[in-house]
Structure formats: C-alpha cells, structure tokens
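Kindly produce the complete structure, drawing on both the sequences and the hints.
Number of protein chains: 2
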Amino acid sequence: MATIDTARPLTTDELARLDAFWRAANYLSVGQIYLLDNPLLREPLTLEHIKPRLLGHWGTTPGLNFIYTHMNRVIARDDLSAIYVAGPGHGGPGLVASTWLEGSYSELYPNISRDEEGMRALFRQFSFPGGIPSHVAPETPGSIHEGGELGYALAHAYGAVLDNPELLVTCVVGDGEAETGPLAASWHSNKFINPARDGAVLPILHLNGYKIANPTVLSRISHDELDALMTGYGYRPWFVEGHEPEAMHQAMAAALDEITAEIRRIQDAAREGGTTERPRWPMIVLRTPKGWTGPAEVDGLPVEGTFRAHQVPLSKLAENPEHVRMLEAWMRSYRPHELFDEHGRPRADVLAGVPEGERRMGANPHANGGLLLRDLRLPDFRDYAIDVATPGAHSSEATRVLGEWLRGVARDNPETFRVFGPDETASNRLGAVIEESGRAWMAERLPTDDHVSPGGRVMEVLSEHLCQGWLEGYLLTGRHGVFNSYEAFIHIVDSMFNQHAKWLKSTRQIPWRRPVASLNYLLSSHVWRQDHNGFSHQDPGFIDHVVNKKAEIIRVYLPPDANCLLSVADHCLRSRHYVNVVVAGKQPSLDYLTMDEAIAHCTRGIGIWDWASSDNGGEPDVVLGCAGDIPTLESVAAAAILRERLPELKVRVVNVVDLMRLQDETEHPHGLSHGLFDALFTTDKPVIFAYHGYPWLIHRLTYRRANHHNLHVRGYKEEGTTTTPFDMVMLNDMDRYHLVMDVIDRVPGLGQRAALLRQEMVDERLHIRAYTREHGDDPAAVRDWVWPGAST
Amino acid sequence: MATIDTARPLTTDELARLDAFWRAANYLSVGQIYLLDNPLLREPLTLEHIKPRLLGHWGTTPGLNFIYTHMNRVIARDDLSAIYVAGPGHGGPGLVASTWLEGSYSELYPNISRDEEGMRALFRQFSFPGGIPSHVAPETPGSIHEGGELGYALAHAYGAVLDNPELLVTCVVGDGEAETGPLAASWHSNKFINPARDGAVLPILHLNGYKIANPTVLSRISHDELDALMTGYGYRPWFVEGHEPEAMHQAMAAALDEITAEIRRIQDAAREGGTTERPRWPMIVLRTPKGWTGPAEVDGLPVEGTFRAHQVPLSKLAENPEHVRMLEAWMRSYRPHELFDEHGRPRADVLAGVPEGERRMGANPHANGGLLLRDLRLPDFRDYAIDVATPGAHSSEATRVLGEWLRGVARDNPETFRVFGPDETASNRLGAVIEESGRAWMAERLPTDDHVSPGGRVMEVLSEHLCQGWLEGYLLTGRHGVFNSYEAFIHIVDSMFNQHAKWLKSTRQIPWRRPVASLNYLLSSHVWRQDHNGFSHQDPGFIDHVVNKKAEIIRVYLPPDANCLLSVADHCLRSRHYVNVVVAGKQPSLDYLTMDEAIAHCTRGIGIWDWASSDNGGEPDVVLGCAGDIPTLESVAAAAILRERLPELKVRVVNVVDLMRLQDETEHPHGLSHGLFDALFTTDKPVIFAYHGYPWLIHRLTYRRANHHNLHVRGYKEEGTTTTPFDMVMLNDMDRYHLVMDVIDRVPGLGQRAALLRQEMVDERLHIRAYTREHGDDPAAVRDWVWPGAST
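Sequences listed follow chains A and B, in order.
Quick note: the first sequence uses this note's numbering, first residue 169, plus one each step.
Quick note: the second sequence uses this note's numbering, first residue 169, plus one each step.
Quick caveat, the hints were computed from the structure, so don't treat them as lab data.
No copy labels: a pair is met if it fits in one copy or bridges any two.
As a list, the in silico SDA-like pairs of lysine to any residue whose alpha-carbon atoms are at most 25 Å apart:
1) K818 - R914
2) K673 - E835
3) K673 - L544
4) K885 - I721
5) K718 - R937
6) K885 - R872
7) K853 - H877
8) K853 - N875
Shown next, in the form of structure tokens:
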C-alpha cells in the first residue's frame, strides 16, 4: 500500500471550486432522476414538478461525480488526454451531468443547452420515453462503455490504451462489478501493457459497500486482505476513504498528484530509460458511502451508506408529501444558487478548473473512435493465393494461408492492428502473425519462451472475456483487429457479443457517433475437426446466437477453402460497424477455386459450382447445397459418387459462403430475392443441404422460400465424442454416403441401380465404422478424400 | 505464506510406496496416450504397438497423478471422504490411471480388468474411436467435472461441499485455467462457506508454467506477488515447489499433514467452539515442470518444463525411429517390473497406501450424486394458489407468489435445497425465500445488512458464473436447486449451460451414472419489463441457445400467470436430469386460471382458452397463439377487442406453456403429433402468434406443420430502450392494437367495419405513443390492462 500524503495539496480556493463542480454534478444528477420541471427550484417543489415514474440509480452517482471532478483538475493542470470508463454505468445521470457542465453535452445536443431551458430538457429527457437511457449509453458523450451488463469495464479500458501512448483511461470499477469473473481476470491486464508504447489505465475500485441488496465482497474483507489482493494483482494501491467532503477532496487530490507523477515516471523510464521491466502501476481504492450526500434516513430506515440508496432513495412521492419536502431539502443542500446563475448557466467558479476543447472527457475523440479511424494498409490478398489448377486436387490449411496474409497486415499496420486470442493463435495456425509481431508479455520471460516479449503485439491470454473486452476497447477507440478462437468456446463471450452488437446498433442511430471498424471473429478448430478433443469442444451454435441480433450489424461467412477465406478476410477488414463471424478450418482441406473464382464466388456469396455439378447448366433433379468447409467436402464427394454411379441424374451443387444470402432480402441486406433464390434452389426439386452447424438454422433462414418444403438439412445434431474426423460426419449423418442416400430417398423414379447404390452406401458406412473402431483411424479411402491427393 | 515444515514426514518405506503409485500412474498415463499393445513392454517397443493417431495431453498429467497419490495417503490415514476435481481435465489419462490402480475403474468397467489384458484394453480405449474421451469426462469414475472448457473447477468444488460437512474436495486449478474470468472470481467462494455446516475445499494451484503455447501469468509473477494474491483472496498459501521427486514427496506430504490438521481445527472451532469468523482456509501452490518425468529434450529442443510438453512430447513416430526408442526408454524409466506383477496386476506395495471401498476417490458416492439424491419434501403448491374467480380480473406478481412456495421448499429441505442468484433474488421478488433461509455470508457483517449471515443458505454473488458453477457442483453431488437471474444476463453462462447439457447427455448413456436433479433456471426481470433499465437489459435469446441442445435434456416453460408458474415449478423440482428454463414476470400481471385449470393447462402444456375465445368450440376464423406472460396479456386483450368490435369473427386463443409442444413429436419428447397440432392451430386459418422472445424461434419449431405458411409471429425484434412497458410492446409491434391489425390484415372478407377498426387501431397507437412521450408514462387506459383492475 502506498502512503497517502498527509499534505493537503488543495488551496482553499481550489477546494471550493472542486466542491462546487461536484455539488453541481450531484444537483444535476438528482434533478435528472426526479424532476420534470422547476429545475432551478425557483418555486417550492410540488408533485407537479416530479416525474410520474422514478427511474435511475443514485447510489453510485456521487462517487462517479467525485472522480470526474478530480480527474478534471489533473487533466487541466497536466494537459492530459484522458477518457472515463464508468463500470457502474447505471450511474448514467452522473456522466450526463458532468458533460453538460463542461459543455460537451450541449455541443452534441444543442437542444439541451447550457441554461435553464436546457436544464429543464436535460432533467426531463432522462429515462423518459423518447429521451435518453438511464445508463452511460452510446448516447452519452465520452463513453466507450455502457456498463449495463457488468464485468467488462477494465478490459475495455486496457484495450483503449493499447498503442495509444498518450492516453490515460480512468476506469471506475464498482465493488459489485468486481465480483464478476471477467472483471476479476481483468486486473491481470497489466501484464500485457508496455509503458513504452501503450497508454496508462488508472483503475479506481469504488467501494460503496452494497450491490442491489447485498454487501459486496471486496468491501467486507480486511484492509490488509484488500491491499494484498491489489498488490498480488500487480498494482500499487492508494486508499482514499471517508465521507467528509473537504477531507476527501484533499485526500483524492493528494493521491492523484502522486499517481499522475508515478505514471509519468513509469512511462519516462520505459520511453527514455529503456526499462523493459513490468512496472507496478498505481490504482486507487476509493471508499465512500453509497448514495453519498443523499438522504441519510427515510421513513426511519437508514439510506445513505446502505443498499437502500442503490436506486431512488425517495420514492412514492405522491403518497408521501414528506418525501417531496425531503427531496427539495436534499437538492437545496447543494446550494444551487451558488452553482448556477439566474439563467441557469453554471457559474464561472464551477467551471474554473474544467479542461477545454478536446481535453474535456466528454469531447475526447478517443471516445468516438470512428473520428480517428483510418483504413488499414492491406497487402493484396491475391498475392497470397493458392494455385488451383483443378478443383479439389490439392489441399491447404486455410487458416495457415490466412496467417501469411495477416502477417502482412500486421507488418504494414504496426500501430493500428492487433490479433487477439486465448492462447490459440498458433494452434489455429496463424503462427505467421506471431512470427511477425510477437506476443505481448510484460511478466517474467524465460529462454524457453516462444516469441514472447514486451514488444509483442499479438494479445494472448487464456480468457475469451479479456480477448473480447480488449478488442472492443481497441475498436471503439478507432483501431482494427481480429479475435481468433476455438469455435466451441466463443460461446464464453455470447453476452459480451450481445452488448457490443447492441452498442453498434444504437450508435448507428446517433449522428455524432462515427462508424468504427468491424469486430471480426475468426472461429477455427471447429466442430468437425475437434474429433480429438471430444464432445466438450464441439459446438457450432455461436452463429445461431449471432443471427438473433439486428440484421444491419451481423455478417456470417463460411468460406469453403483457403482462397475464399482470403477474399472474405480482406472484405471483413475493410468493413465498418459490423460483427463479422468467419468460420474456417485449420486442417488440410481441399482447394476448389482459383483466386479469381474465389473473389467472384465470395462477392456473390452463393453460387452454383458447375465443375461439381452434373446438370450442365440446365434444370437439375436434385440440388446439393453446402455451407462450410467440411459440408462442402462431403457434398462435393457425394456429387462425385452420384456422377459416377448414376450418371443420368442431374445434380446441382450450390455453395454458400455468405450465410445471410439464404435469408429473404426483406430480412437482411444480403438476403437474396425470391427470384434469385428459386433460380439456384429451384421451386420443386429436392434440396439436400449440408451445413456446418445446427441444421435448423438453415430452416429458420429459408422458411419463407417457395421450395422450403423440399429442403432437407444435414448438420451437427449434437452427436460427438473423441473419435476420427470422418466418424464425426458419420455420427451426424452428414457424410458423403449418407448424402447420397438422402438423394436417392428423395428423388423419385431412380430405379433399381439407385436402390443398389443405396445399399452399397449403407454397407460402406458400416465398413468404415468397423474399420475405424478396429484401427483407430479412418480407412485410407476416406482419408484420401479428406487429406491431399483427392481428385474429382 | 505458510512455512513449509522442514521435517521430512515420510519414512523411507512410505516414500517408496508413494513413489511407486505415482510412477505406476505415470506409466499407465503414457501407455494410454501411446500404446495399442505390448502394455507391459514384454518385448521391445515397435511401431506396431503404437497408436496411429496420438491424442492426449501429457503436460499436466504427472502433476495430477502426484496430487492423487498424496491425497490417497491422507485419506487412508484420516479416513477422509474426499473427491478430486481436476481443472486441467485434459489430463484425462492421469485420473483414469489412478482409478484403475485403486480398482474403482474395473469395478465399473469389468472389461478393463486390473491385469495385463485389462491394461491392454485400458491403453487401447483411450482417445480411440468407440473408446473413451481424452478428458476427465463423465465416463471417468470419481469425476463431477470435465475440464474441457476451462474456468469452472473451483466453483464446482465449492458447490459440492455446500451442506456436505464431511466432504473434502481437492480442486486442482491449472495455471492456464487460472487466467479465466470465472476461475479468477471463484477464489472468493471462501466468503460463502460456513465451516460449521459445509465441507472443505482444498484448492491446489498447479503452476507448470505453460499453456498450449504461452507462459502462464501466475507462473511469471514474483513469489511475493503470488503470495499476496492468494492472501488477498483470503487463503493461507502453502508453496510446494521443485522437481526432484524425493524432495517433492516429502514437501507435499508435509504440506498435506499441516493442511489436513488445519482444516480439522477450522471445522472444530466452528462446530464445537461456535466460531463464526471467516477462517483463512489453506491452499497449495504446487510448482512442477510441465511434462514432469517426461522426455527432457526431443530433436534438440527442450520439452520437459516447456510448452512443448503440453500434448504428446514425442510425435511422428513412424518417421522417427529414434522417437520409438525414446518412448520405450521413457516408459521403462518408471520401472514397470517393480510396479506390476507377471499378470499385469499392480503389486501390493503400489497399492499399500490406497484407501478402500468408498473412500477411494474413484468410488466416492458424492461424485455420482444420483446415488445420494433423495426427493425433496415439497409443500403442496395448491396451498399457495391465487384465487381466480374470473379470468383476468385481478393481478399478481407471479414470482412473488412462487417465492412463498419456495420459502416452504427451503423450510422443509434445510440441507438439500438452495436458491442461487446474482444479487437479484429480492429484485426478482423471491424475497420470501430469503426471509426463510437468509443469505450465506462469511465476510464482515454490519447492522445495516439485510438477512446476511453465516447461517444463510441463499447463495448470492454478483457473478452468474459462480451461481451456475456452485449450483452445478451442488446438483452433481445429489442435491437440488434453482438459479434465478435477470433474463438478459443469463447469456453470461451460455457456455457453462452448454457444458452441463453435454454432461447430462453423456451421463444418460453411462449405466453406472445415476440421474441427478434438474438444473432449474428461473428467468425473471424479462425483456418486456426491463423498460426502465433499457436496451442492454433486453435479450430473450437464452431459449434459442438452449434448444440447440439435445431434446431429451431440454425443457422450456413460459407460464402465463402465477398459478401456472406454481404448477410448472413443482413439476421442475420433481424432474430429473433436465435443464428446465422457466421464464416468468415479477411485475403485477393478470391471473387467468384457477389452480385446477392451471394444473390441467400446464400438464397439457398447450391449450385453447375458451373464455378468451369466440369460436364457441367450433372452427375459428383466426387463431391467436401466445407464449409468455406479456404476449398472453396482449393476445387476450386483442381477442377482447375483436370480440367486442367484430363479434361475428370467430377467434380462438391458444396459450402455450411448454414451448416444446410446438415441435414435432419426432423432434422432442414433448412434441405434439401433427393431428393434435392441427386440431389446435387448424390447417388453413391465419395464426397470429405473440411470443415472448425472438419470433423466428416459433418458425423454427413449427416449420414442419401443415399450417406453417399461415403462421405470423410477433415477438422481440431487438427494438428497445429506456421507456414504458407498453411502449416496449409497441416498439416491437406486439401490442394488442397491432395484433388486431394483424388479424384484420390476414382474415379475408371482413368488410368495412374491420377496415374502420383497423384505422382506429392505428390512431390509438399514435395516440398512446404521443401520450407516453408527453407524460412519461403509459395512458391510464393501457395501464389498466397491464396493472390491476382489468376485466375481460
């Protein structure tokens, strides 16, 4: 623990100014929660001035305001570039109040002017239909973090400072949020921050003692334990604790004086002194009462300092006239006449210490990353193409091919592009990017380590939550990145994806928010090739989860081979404000398309593969649809069997790269018109569709299509174990032999030769199953399809 | 940090016996990874004896074996009841080896006998098609935890010891897993364990330094920082570090001697001395080389002690004859002839220190919780019924009604039932169960706290991960529970649900695994009534996620009122081996059914509500389907409008409680036959279906139905903000007026009166929207429908 300077760094004037800003912010916060009118309390408060529904969270707000006030002082003094991440985002009124005071709010929302009329509108709009959300939302100036679903504040903060050497992110961590898993892991982010190149995060653990109804864990362990915990996380904790405003102002100012100097020393040592040791970054433990400066007691029960201060301390005002009087007294306790002039404008004293222009935390461009976003310099992906003389004649590891291109991307964009992954980047065969960039690592290093250094830029930690949170912070501050993960475990961040998708949807509707780079998921080590890791590693359901979100935000790609993956990846890294989900295998897999063909195919997103079809461009008897590398392999193999054994049968193979093409054009911007869909899939012929994931998704996407009743989908139906790759497709009835059986079962009038072929397929499956059980591997005939040497 | 006793507690004989067991387990682990045959190395090893595909994870295995060996000593000595949770579950060969050695394996799998023939089968089956998974899986005796997806080991361990005062759970936390969020939060579980009533967890942080490719964070911070971290988490850490087997055996034995005594002292003080202070529980930091005792160097690169030991240290044996020789030397280094007799049976010395019967960790019944599971004593839920004289005449808060019944459940089952929730149990209006049971809390307590005590049994922490993990541990050891959560944030545990559903699916197929109690989710504070918290709190997609898993495991219920919720909850708490998802509101909501009607309706799971319909039991002109409390309210209201305004229109209202009734009977055990479905929804009439969640799920469930093309679904389409409850349904076009419009748009030939009504509905919506924007609340006419006083 650091010792608090017993000096009182603030002069009387400074203290008065800080306190005035804080009181003003608190006054405005209460006003937002309660008032419809009478914002300056020109007349005695009555029920008519009060909102019929009281929404909002007072408990955390005065603490958030206190921190904002004090950050302003050091920002203005040291000309810092700082932004504010409010983990307790439900303290929305606080951030709105402070940004209104500093002027940044009214610049973005001229209707909410910095005067009495604006104040009335400010109060009225809060948590009001047609107004603004109750949380620190995308609508809030200076925010990159909503804080509705708790746990991600600190990861966002760390993501924001990567490659932003001049940026300081003040991150308030509520003691409720601190109990979440993602936050508990996030403290260790300091092992990945290089003070020579990255900015600084100042975590402020705000202990106000209670959550909604319960005490908080970190407020109820001893001082020594908490000190040990923060020390163990690698920080130097400063404790600022109390409730008496004057003493607290002095203590907070003293702590921030020491801390800003310490951060400068750390950065100077790394930037000028060449130090590569991991520093012990400072952090603050701020302990204040919940609902600080609010009503101490209501209806005989203590409120300030208890869980009862969490939301609105005074409620049911219509039934309790006394509560109206208490509310008025509470608001007047901030002495509004000292804070606002006769026009409702903040007085000069209140604003004396406030930073100017883009130094205001509500106007810092880093919190509106689209303003700073620049295109990546992308190497021409065609230069990385695989030569494909004949479809299906040779194999590549698609992600390894992509890795070479990503190496180029990383090389050409050394300050604005990063790859994130939970210790799986090499396993996902993107090793080239690690060779180029190294892995970021500020903890101890040993000679046996591989590409691990303070200068590394690939972010690897065994926490999908941290990868996602860091990347979100990096993107929202105007940079680019890719998150690579094992497919099954990306579900770990389902809820983080939700919140980010909601953020993107909301910010599309806010004119001053500029588009940011898309969040790109590269899911490899996918369900069909986790045969060796078994059932727990087999889950293709992230796509289902993703497509529940707004169509304008969501893109899903299933490139069937390496060249298609290159084309898709280039497209994704150029795109803006989407979530792109790309699923691609890492195992050797057949190459089908030349680069030119791949570009054309991926641009269309869906298409007939003539070389695999036997309908000669005419009307087919059956359509084999496929999406995903393994389903494509099995479908192409099934088509080859049918071509050889039932040459009179006209088979059309349709491959889908862009999954949303299957949907109706009225449902998704990439959706096909019914005419185009019917041209591909016919209106009356059987369609046997092999899909990468859970089969019902294809039904969901296509149920409006004319030919939907003829659609038969194979996919993963939650059957798996530790076995061989081919056994995986067999277990789920998606293997080539079963697809042939499906065709024979659905095309009428095929006759006896087909019946015999069907029986042969059944026998072949039994034979392979028996061979696999005996030898522990797929038989050579199957392997030759799966691995190199196949021919069509 | 605790001081390691410098004494060497093991005699030479004891040490030799322990080392023999350890070597035997290591030998058997290597054998499983590599060998098809020649298990006792009777002849020189050749390629023919070696598996064609090498799968498995050696790196963590010798450490897991070491811990198993040493736990055996103290279990046998002190007659402890202990189970073993292996966080690094991919070290599967280790747990299989130890349970085979102790005999528990062969008792459950007689084909894998404890002799040479059995050893050959043991080796062959591992990670082999038709054999056993590579991880510590449901198939592994003594396991309650797979450890495939990392992060949950410690939460499972803590859940297992709740209300199990005699149980000790040794929980190995890998240093990779320790980086995950859920694990980082789990350390704080010690604040919720009451030594008077609960058992003990011994966490062992196993530092082997590397993950797949990267160093681990906790192995690369200083000793002092790690000591501070564990102290800060509230533990007394013991460090056992090294690689020389003899010294390590002595150090581990010394640590375990001290620790078992300390656990006894803690429990005695609480149970006999009445201490209610939170103890500092011991934990171990075990630092050993990754791949300990394996090849030090392969092909000139270091392996032991590096990330290269993570999976198979020696690979490509067919291409590298030298590797075959190295493998043989490695296996012989364990001196198998000293460990196994001529028949391949473990020698007496190896087994001398092994516990017997159910004390063996592979045979402890707590790890097969179904063996210990007993029915709950359930109070008659009919006694908690709401009186319903007329449908829709009065309102109840459904979860509050449920809370009273849960109070009774908690009262009558004080040692086998718990409620878990992330600080939302009171907010979800289940406060009665807190009044009955209190909240578990061993950290500091203050007078301002509410029902917080060491004796509390409701488990509340602001971490959905911990709630889920604790509950899983509690269920898997044979008890019962409910997890209540805000609906939107249950996505935080999507991936944990996945893994638990996979566990349930797998264990259904393992004869010796007995069914456990179902995992019951109660999702409240749902999408339609998070109007006040805004967009981030609005997500009904967990149901979509859940229904991807095996139908035999999954149940989804949407009770429309309080009596239905009681009936459903009673059913869920009686059920076995399912995941039950129940969505229910907490706000005042109309009561429709008497208890008898509710029981009949919930038993059928779907049915026509005659009192709300106007088809008089005949063929309707239109069907209004509904699932969920708010959709039901809006559908019933729409039906009432239609009855009044278009009395000649025959409207049928069909309410769905059990969502899976919509699916085909071939797809889900609860699925309706086509005949029954058609009888409800007709084959040719328009169906306007109002659904609680994302509308496309209803299409997915019904696309095989004859009348699917007439189905029009309203639901949440990701439109929301901070607004009023009625504005939420308006934003998503699911309000009563829009449903009336949908009916008019789809029923042909309704004439001019309908056209005028439609226009009236449009105007009414505009009016309400304007009123809400002006007054900040829904107009009284709408509120009267939503809140008490409505009549139909």
